[in-house]
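Trainee: Okay, here's what each chain looks like letter by letter:
Protein chains: 2
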Amino acid sequence: MSAQNIAGLDRLFRPRSIAVVGASASESKVGYQLVDALRGFDGQVFPINPKATQIAGRQSYPQLSALPVVPDLVLLGVPANACVDALTEAARIGVGGAVIVGGGFAESGPDGAALQAQIERVCKGSSLRLLGPNTSGYTRPGTGCHACFLPTVQQFAAGPLSIVAQSGGVNLTLALLAHRQRLGIRLAVGLGNAVDVDAADVIEYLAHDPQTKMIGLHLEGVAEGRRLYDVLSHATTLKPVIVLPVGRAQVADFAQSHTGNLMGQHAVTVAALRQAGAIVVDATQSLVDAAVGFLGGRIAPKANPGVGIVTGQAGPGLIILDALRSAAVNVPTLAPATVAEISKHLPPLTYLQNPIDTGRPSPLFADVMVAASRDPAIDAIITFALDEPAAIDAVAVFERARKDIKQPLVFATLGLEGSVDVTQNKLQSRDIPALESPERGAVAVRALVDDAKAQYRRLITTRTVAAAGRVIARALDEASAKALLAEFGIRSPRSRSCRNEEEAVTAFDQLDKPVVVKVLDPRIAHKTEVGGVHLGVRTADQLSAALQKIDAIPGDISDRGYLIEEMASSGIDLILGARRDPSFGATVLLGLGGTEAEALKDVSIRLAPLDRVDVEEMLRELRGSALLDGWRGAPAVDRDAIIDAVVAVADLMEAAADLRELDINPLRCTSKGVQALDALMIWSD
Amino acid sequence: MSAQNIAGLDRLFRPRSIAVVGASASESKVGYQLVDALRGFDGQVFPINPKATQIAGRQSYPQLSALPVVPDLVLLGVPANACVDALTEAARIGVGGAVIVGGGFAESGPDGAALQAQIERVCKGSSLRLLGPNTSGYTRPGTGCHACFLPTVQQFAAGPLSIVAQSGGVNLTLALLAHRQRLGIRLAVGLGNAVDVDAADVIEYLAHDPQTKMIGLHLEGVAEGRRLYDVLSHATTLKPVIVLPVGRAQVADFAQSHTGNLMGQHAVTVAALRQAGAIVVDATQSLVDAAVGFLGGRIAPKANPGVGIVTGQAGPGLIILDALRSAAVNVPTLAPATVAEISKHLPPLTYLQNPIDTGRPSPLFADVMVAASRDPAIDAIITFALDEPAAIDAVAVFERARKDIKQPLVFATLGLEGSVDVTQNKLQSRDIPALESPERGAVAVRALVDDAKAQYRRLITTRTVAAAGRVIARALDEASAKALLAEFGIRSPRSRSCRNEEEAVTAFDQLDKPVVVKVLDPRIAHKTEVGGVHLGVRTADQLSAALQKIDAIPGDISDRGYLIEEMASSGIDLILGARRDPSFGATVLLGLGGTEAEALKDVSIRLAPLDRVDVEEMLRELRGSALLDGWRGAPAVDRDAIIDAVVAVADLMEAAADLRELDINPLRCTSKGVQALDALMIWSD
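Protein chains in written order, with UniProt numbering: chain A, 1 to 685; chain B, 1 to 685.
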């Protein structure tokens, strides 16, 4: 599939010949603009028009089948209802790719959806790859191949960034921001309705494109999340991928179980993207700023890379420090030897720690940067100086520094147009990113650091499914759910499952008091609400009262029994849940338990399967993680046992394909281990 | 003070004559650059140099006292150790203001601190106002008055934005970003070490400057927070103030080295700024983007203003919607009549709700915007369109729309340099903000909305101190603290304060069981940790055991007694605390109680005194506020009682000047009211 996808997309995105169906001689029409946009294209262009002989200076043909060659690509500039026939004809003669820029399909109502279903059928029945409909198309500045009618794209320069955007408008937005940042574009694709070619397809294609050095991805929603996750997981081993997922504000979907409530779709998407090694940003400008940071390459994989800050002005340096520390980026203290070396190059009274404040910008910046780069704790350097050509020649400084520094460098600056632009151009042509503001510089260096952390995580992670292939019997009530969890190593307090009062009395005698008495009934999912849970039962009388109350719960009691269970010792409660996301597949959620914490939604989410390293990171992500480390003098809980339990739940989700939802709430954590105090499983119909 | 401050700063910031002490004929020296920077100044300039006769084309004088007039302003271009004498001389002859740009003062160590103390004494003993030391000075493009040696400032255009920055480097950063945004500058001030003139002084001055339309403020730490709060509270009634407070992360070490200021508690600073009606941003670019949003004026005060989004491209429109909704900005559904009106101007199949997606940019934008503006729910409109001169003339569209629309408008766009710049220039000269990216447009419109909300809050708020002037006796143990709280209307469960076992037994008989038995001892602040709290005491034997354990707590027992208190019914626990911040004065904290929530630090902070409106907002700020509204079927708690209690605590802090800290933890909240279950008060020595 992969090699076939790449070859197919190569005809779509790197055509030698292009036909434009619906070509027009009228300059105001899309059919003209599409032909005109190809004026710099270095291959053949064939306008198709039943009547014309010449369009935009090129010989025109009446129909696709009249062409002297089968074109690699066809651009459809005809209305929605004419697209089906044109696309069918293109597929028939063996065209490689097609782009439908126009709208009027699924986004516009039932009639459009019917048309879209028809073009989808055409695509499924052929090897032709379709981009769109309802997109601004794509642009490839290196070959002048602009399958896009907006004149702006003619100005774009070729370069290392490729863009994939769900929206054609955002594709152009990102491309323009890259252009303004003087970051050239290899390929920029707007997916539109994505009837055939989708984000995963293009990412896979770009991962294997040697000239694409970094990939920017814009997502509005993810239909086949697991496939995208798999493709991204591979792509990020080859080059950095920066993703802007829109939809923070979307209301969480209201699933049945409450772990479903905690797990909003956007949170799952962000977790999956990070887990796949992508860098997640929250603004179009940040995507471009993160991308340009990789001009000089990636930081080698490392658990916690350190950043050195060199600044000519203390205030902006402080802003960079604040931005990096707020994003959990390590700005380490420099070694005494480093400080001693730096102090040789600077006047006294300057701050020589990290940040290194030079007091004023000066040519000595290069020496300071080189000295800082020799500190073993420094994996990247960000330097800030206002653009003052009279005080500092930034290009000369960085050229000199670059020779002696292996680590990535980022220059943050600010100045007057016409002056700072020249500096930026020169530096970036030497692969040194130059960004205009302290915060934008911080975004770039943070992306380098996040990428190195993600690569490191991958190196030390193996996500194997221990229980793969194992046959799992459906657990329908709490007792059998706990038994199944026990098979996966997650213990519960000692208990007895009882069918009647006699068995309950016997069980009560055998267990340590107090016990909890619960209803066992596969029809009752929410036991507490109906009076099916009785805590702190110490005496025979209390037991008898509890059993009577359980018997009094309305409903069919033919399958009803009792669970008599020892009370667990106190500790910290977590929620451990899992569910099968319709897009991303098996997901695991770990959160802080207790009423207040649930209201605060302090949770971390991952896709299954999981490695222990993943779970360590999940624990760090919990805002309330300090509770686990010995809060206010309490003993620290057994983190290893928590990690085992979370990995086991991921494993169970992988092994039991028909397990739809799983909810351990609470998972009681103490210094001696963890126990599932309640367990609910929901199976597919 | 105010009128005097304004008059004094007017001589500093609007001088008619300027002397430069340390003027030099050598172009590489600051003493030359300071004179040269005044080449466009429309007043008198006097270089001071004992030897020269002519500097930078101007007649030079040997000393200040030799000048033909007493200058309004003196710029000191001499080393730190020469500044004391020069400043003393300036003060003696009646100079109005001085600027020390150089460093070498408190930021550089003990010797510099001593010099700084000397110049501080000179300022205190005269009416001269000093800016600096250790600053880039200030720039005032309208009069060519650049008390700043950086050549860049010569390019700045005059306009409506004034800037006050703690750091000289950030002052220039903000001014350059404003310049790049084509937003002109009225006055841009870098405070540096702020020996005399501080942020509050300049804000007060700018509040009364008619040409300053919006104020941008950068803070690294706040020494006199309460004064700044008071000044800002007034300034924001007159014009919008946008603040960038640095210090989210732990950056205090470096900050201290840089301006000599101690970094305040960031959460308190942010709370105080918002409470004062300022708009808080987290990046330099955002400060400028928020400021430019006010070019067309403010939104009238309103509880929850609505924003209309008109977009030529759906994807960027969705990004704007997401950014606004994430920031709790109301993007309301349009009225059916509005949709009907809009539909007249657009082709079918477009999305006519909010956002209004026009499908493609077109001249019809103006009609759509006008129709949207007539919807009563719409208080501001943001329009996005990529810069496509062939498809849309944005200037013509907005000129037409502006005529019929009263609400503020924001244009978000993106295009090629040289094209979009022209549009931006033309629109902004017509007071229509134009920002380059969807998110930057969202920042501008969000600022308009946040400002209108803050103004509205002020209109409906009266922060009076009900207990002002009342004499408060110090409460030293829990019983007396609860008695004092009761005087302020905050009840506790029924209890008896007992000196000995006999009284305890009597009290136990009189109270409803179970009770809690606690140690009463002003020397014991943390009762639970030493075994001084015994819950659920139901029998005489349990009482006796509890009393014995309390007696066994080590230490002097001469003042020790018992508090016997009825157990409260269950509910939601809050933490209600107050403390006297060294910078901001009395602060009140409301947070979610319980171990987990405390670890999650879900708190809201305000300065006392408080209005009920403030507390309603504090409750909304709590991430876990849903717990109060009937969580999972529980009855909603009595919000009014919570609000009463918080207002009362603020009142108590205002009334009892020697009450340093107060801690009600927990404040038990039920549907029937609130009760302080524990209370701790710490008084000043």
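Simulated from the structure, these hints should not be mistaken for lab results.
There's no promise every hint is true.
[Claimed, not checked] With a straight-line Cα cutoff of 16 Å, these simulated EDC-like cross-link-like pairs (lysine to aspartate or glutamate) come out: (1) K601(B) / E621(A); (2) K527(B) / E621(B); (3) K549(B) / E621(B); (4) K213(A) / D551(A); (5) K601(A) / D678(B); (6) K672(A) / D573(A).
Trainee: If a hint holds in the structure, say so; if it does not, say that too.
Mentor: Comparing the hints with the structure gives:
1. Note on K601(B) and E621(A): the hinted pairing holds, with a Cα-Cα distance of about 15 Å set against a maximum of 16 Å.
2. Of the supplied pair hints, the one linking K527(B) and E621(B) is violated, its CA atoms being roughly 31 Å apart against a limit of 16 Å.
3. For a cut-off of 16 Å, the pair hint linking K549(B) to E621(B) is broken: about 42 Å separates their Cα positions.
4. Distance restraint check for K213(A) and D551(A): the Cα-Cα separation of roughly 67 Å exceeds the 16 Å cut-off, and the hinted pair is therefore not satisfied.
5. Restraint check for K601(A) and D678(B): not satisfied, since their Cα atoms lie roughly 28 Å apart, outside the 16 Å limit.
6. In summary, the hint linking K672(A) to D573(A) is supported, as the alpha carbons are separated by about 14 Å, within the 16 Å threshold.
Violation of the numbered hints given earlier is confined to hints 2, 3, 4 and 5; the remaining hints are satisfied by the structure.
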